[in-house]
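**Q** Sequence:
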Amino acid sequence: MATLVIAEHDNTALKSATLNTITAAGRLGADIHVLVAGSACIAVAQAAARIGGVSKVLLADAPHHAEHGAENLAALVHGNVTGYGHILAPATTFGKNVLPRVAALLDVAQISDIVAIESADSSFSTFVRPIYAGNALATVKSADAVKVITVRTTAFDAAAEQGGNAPVETISAGVDLGLSKLVGRELTKSTRPELAAAKVIVSGGRGLASGENFHALLEPLADKLGAALGASRAAVDAGFVPNDYQVGQTGKIVAPQLYIAIGISGAIQHLAGMKDSKVIVAINKDPDAPIFQVADYGLVGDLFQIVPELTTAI
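Residue numbering for the sequence shown follows our numbering, starting at 146 and increasing by one per position.
FYI, nobody ran anything at the bench for these hints, they're computed from the structure.
Think of the CB as a built atom: it goes at the ideal place given N, C-alpha and C, for glycine as much as any other residue.
A couple of the hints might just be wrong.
In silico PhoX-like pairs for lysine-lysine, Cα to Cα no more than 25 Å straight-line [what the hints assert, rightly or not]: (1) LYS326 x LYS369; (2) LYS344 x LYS326; (3) LYS201 x LYS241.
Restraint ranges, calculated between C-beta atoms of paired labels, are given here [as the list claims (entries may be wrong)]: (4) ALA458 x ALA288: 21 to 29 Å; (5) SER264 x ALA185: 50 to 58 Å; (6) SER161 x ALA254: 25 to 33 Å; (7) LYS423 x PRO387: 44 to 52 Å; (8) ALA288 x ASP441: 57 to 65 Å; (9) ALA158 x ILE316: 36 to 44 Å.
Make a model of the complete structure from these sequences and hints.
**A** Given below as structure tokens:
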């Protein structure tokens, strides 16, 4: 049976998380179909068709899918589930919003946030997912007729954006259930990379003491490194930065090439969101801070002195 990947996009371009999800789908050893639901989104479908490993793209184009409402999209997936053994979406806000509804409509158990696929047998599929804020890994075996899965994108490499030549098939977009309507959207605009996809992240915690210090110290460093800005939950709760900066169990899960943690003690919830980073650099005045247990490089000292010197030296 084929595998269906629900594409995350903005009606103009695919989100990078979809590429990671397609790589995970490839480990299941079946044909990969990608569902692109949106409005005036043919360019997205064509981009999906060029991804290596994709064998078919399903396009559902209608005004009531313009904002990717979870109720309408879940109903669309449910209505087109025949022939699929696995349904995958990234474990982003998008995937966490849509797939639980799909699982409920199918009356199956969702398997959330997988980091590995151990087997993809037609009767029993076995997956690995983190539990206890990432401190343990659970091996989960499912015998459901259709496995509904969200994928931790940092655990899988992105699929090649070129190399495929899949056909694009237009399907019925279904009906507008009218259960919800988007009334407004507030977008944060930044010239920096998107946090979840950045290769370098400079992240700050409560040790920065104020929002003014956060921006004055970290922004020059981030600009020199071409990095995204992140924050611990403590910094967000203190009002230093908006919550879309938050890295951690209740924020964004990241795995950049370089993660610089400044004034972050290393609470378990924060570590769950960034400990898969390739190289972790920690700056903290407390030599016993938990962040040093996962850091590749640690610098004990006053961040208000160290960070400006580091920025100048780069």
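**Q** Are the hints correct? Go through all of them and say.
**A** Hint by hint, here is what the structure shows:
no.	hint	result
1	LYS326 x LYS369	41 Å, violated
2	LYS344 x LYS326	35 Å, violated
3	LYS201 x LYS241	24 Å, holds
4	ALA458 x ALA288: 21 to 29 Å	57 Å, violated
5	SER264 x ALA185: 50 to 58 Å	40 Å, violated
6	SER161 x ALA254: 25 to 33 Å	28 Å, holds
7	LYS423 x PRO387: 44 to 52 Å	26 Å, violated
8	ALA288 x ASP441: 57 to 65 Å	41 Å, violated
9	ALA158 x ILE316: 36 to 44 Å	21 Å, violated
In summary, the structure is inconsistent with hints 1, 2, 4, 5, 7, 8 and 9 from the numbered list given earlier, while agreeing with the others.
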